[in-house]
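J.: Produce the entire structure from the sequences given, and follow the hints as far as they go.
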Amino acid sequence: MSDNPNQELTGSDREITAQAGVVNQLLHDLEPMLDDSQHYTVTELLAERAVLAAMRARVELEEATKRQNESSTDGEKAPEAKGADWQ
Amino acid sequence: MTQARFYEVNGLSVAELAGAGADFFRRDTFDATVYNDYYGRTVLQIGKQSGGRMLVGMNYALTVVFTSQPDGKILIELGGESWADKIGSGAIGAFIFPPLLVTAAIGAWQQGDLSNQFWVFLDGYVFQRSGQPARSIMAVPQYNTGWEQQSSPGQWPPSGGYQTNQNSAYSYAQPGINPSVPTYPTPTKSSHRTSWFDPTSLQPIFEAQVGRMASWQAVMADGVINYDELNAQQAQVDKLQKQAEEMLETDAKIKLAEVLTELGKLEQIQRTALTKGR
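Respectively, the protein sequence lines represent chains A and B.
Residue numbers for the first sequence follow our numbering, beginning at 1 and rising by one.
Residue numbers for the second sequence follow our numbering, beginning at 1 and rising by one.
Rather than coming from a laboratory, the hints here were simulated on the basis of the structure.
For each residue, glycine too, the CB sits at the ideal point set by N, CA and C.
Some clues are possibly wrong.
[To be verified] According to the in silico footprint, chain A covers these stretches of chain B (three or more CB under 8 Å from chain A): (1) 69-77; (2) 123-129; (3) 261-267.
[Claimed, not checked] Reference excerpt, derived from the structure (chain A facing chain B, CB under 8 Å, subset only): (4) E15; (5) V22; (6) L26; (7) M55.
[As the list claims (entries may be wrong)] Dumping the calculated EDC-like pairs for lysine to aspartate or glutamate here, alpha-carbon to alpha-carbon at most 20 Å: (8) B:K242 / A:D36; (9) B:K255 / A:D36; (10) B:K253 / A:E60; (11) B:K242 / A:E15; (12) B:K242 / A:E44; (13) B:K265 / A:D36; (14) B:K242 / A:E31; (15) A:K66 / B:D222.
T.: Shown next, in the form of structure tokens:
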């Protein structure tokens, strides 16, 4: 992934795979650096962070779905409203 | 058969016992997962994904919950079902967690004899690591006290709803004369910890584990995630991050910071993909 923070994310498979590779490599680097108690705590951190990410994704998805539904509902109502005016 | 005991483990930590327990069952081809639950207890879940799972008819054949006691003992509870899955299905209030009430599951779990294996392992491991036999006492439930209704997140009673002023005699494990007690490897830097990578896919385990995490199951119990829950989870992550950073040497701290930064980018890309309806 580019280091340019202004680059727009596309969410493509390629982008995801590339960034997942970066993360995996860093995790591979970090894991052997930790003793047991550090490993335990960092594992807990990463696991709870994964939960947080899943929670955020779910909330965003629900909101996007809601927006989409509202948008399509508005689109369906518009002709009816116009028709009412014609009468 | 006893399903809950107060153990004197001669100074061994809950983290070590849970990790060693996970390793012990993994060597016997079981799946084993260790995590801290919503109440700060350490949970070890043991099961099989294939034939064993079909045999016992449940996702996990044995769940072990470790709770540190103020007097240094550890309360160890064994349940025969995936309690966490029960939470996920919305039974949170009813199922947290008088373990002896899971009668239907206990039958299947006893068939597998996993509980006996666990106690034998624990006695043997404590003896080998500390040079002294573990002492334990049966935990007697406090029935009809209403504790299960009174407890709320963060206020789980350490005694887990068991009587703590019992007069029963402690029993001593005698692994030295029990031929079924195997030899356990002395822990090394990596011997009793869960790898971050799935041995088959070589991918990190964290995303795959989300559904099993107590924090996820707790927020999903009502099927809705609100902003208070998001903020609480963020606070939990911040707390763990601070705790981890305080423990790490400079090199590891820098590497962890890199991991978290790049992980943030990955999560952002994934959310973009998700909301674009790919």
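J.: Enumerate the violated hints, using their earlier numbering and listing them in ascending order.
T.: Those not satisfied are hints 1, 2, 10, 11 and 13.
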